[in-house]
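Heads up: the sequence lines are chains A and B, in that order. At the far end of the first sequence sits residue 325, using this note's numbering, and the numbering has no gaps. At the far end of the second sequence sits residue 169, using this note's numbering, and the numbering has no gaps.
These aren't lab readings, by the way, just hints derived from the structure by calculation. Note that CB positions come from ideal geometry on N, CA and C, so glycine has one too. No false leads were mixed into what you were given.
Short derived list, chain B residues pointing at chain A, Cβ under 8 Å:
#1 Asn-21
#2 Ala-51
#3 Leu-63
#4 Val-73
Listed here are the chains, written in short residue letters.
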Amino acid sequence: MFQRRARVVIAVLIVVSLTFAILDLRGGKGPFATFRSVVGTALGGVERAGATIFSPILAIGDWWGTWGDQRDQINTLQAENQALSDLVRRSAQDRARADALDGLLRVAGAGRYRITPAEVIAVGPEQEFSWTITIDIGTQDGIERDMSVINADGLVGRVSAVHRTTSTVVLIVDPSMSVGARIAGSDEVGILSGTGDQNSLEFQMLNPLANVDIGTALVTFGSKNGKPYAPGIPIGEVTEVRGTAGQLTRVAAIKPFARMSALSIVGVVVRPPRTDPRDSVLPAQPQEITPSLSATPVPSTTGNPSATSLGSWSNPLPKPSPKAS
Amino acid sequence: MWLRQVFVLVVIFLISFLTQNSFLGRLGLPGSTPDLILVSVIAVALAYGSAMGMIYGFAAGILVDLAPSTEGVIGVNALLFMAAAFFVGRALDPRDRTVPLLIGLTSGTVGAVILARGVIDSVLGQPTVVWANMAGLILSGAIYAAFLAPLVVVPVGWVVQKFTPEVAV
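Based on the sequences and whatever the hints tell you, model everything.
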């Protein structure tokens, strides 16, 4: 079978193997310690070189194995991120809406108005010289013509046209609008008209002898059956009085409480209160506003109290006045 | 000529040793590690015949025993590889070698060597042999060897024919 030389070599190799095995099995350091360390060092270097060569290939295996996972993970995270940023964006918006609704409910509660909340969905074009907005409720929601529209700050306007699911509201700053108004804390009444300027209304007092302080608030006088205006809704405060007492007509400039350029949540008063809430919807303490029925001006005790107290209209917890409860 | 043969064998050993320890061992395949060095011994035995295969098997076995990350008794792998080379070199007539036959021979030999290594280690009193795992080890080793066989035996045969045609079987 084998050549003679090969046979000898193979026999020697077998004997060597067996000798190695037996020597190794005897334990201890033996003659193999150095041998093993030399070969181990040499082959260890080879193995390290191999690791360097094969690492990228093994990394490809890892990459391949986790590729699908990572893609799924990226998709999941992206969707999550999208949802979360939507949530953040919405929550700021929602908070603003919730605040607006809170204020509206506070006003409705204080004045015992039954309101239907609505959202402004369109603003009429200014070049038509009329101040109108469109809200998202209509006949379906029980809205009728000439109902008062308020927001958390005060009177906004009245419903001028009703459709199935939308209504048009004329704002009080519209030049065609006039509202019967009463000076808070007194019985002085007058007619408030829009000027087309969103920060200024004109208030014509019927009693030319009436005394009006700057900063005094105005509320609606109320119409028959609460239409077009329910009684007691805050309108604005006096910023300027023109003309002197005793003139035929005296005109006061009124700054409306509601910001006409920033309306979002409004409420339509679907049923006015049975009794006039008088000044109770105003959050300020009405007793601090000195009623001045005489022609003699009575200086107010705290300088300009109503201005400061009305400035705190947006306080979350206004003290309910005894009349409201 | 003699030098060229040694060179071919050293290159074959280094490539299989590198691939086995640095790549196949780290793949983390289930069961046993694919025994590329044993398959290379089989390939050399098929290409050069039993005698040269046994010499190569002795050298490879001693080196594997001495290499880091092997803690067996020195000489056991050398004996096993020599036995495998002897058997493989004589089992098939070079004229009726087909790839399926080579695959079957390789995987059968590898399985037998795993079993024999377990037996020898147990006889020598090595405590590392777990007989409960033996069937799985043999089966997986044989399957991996079946995959490695065409990738190793055919190229080794080609290289041997190309570089040392005068000693090739």
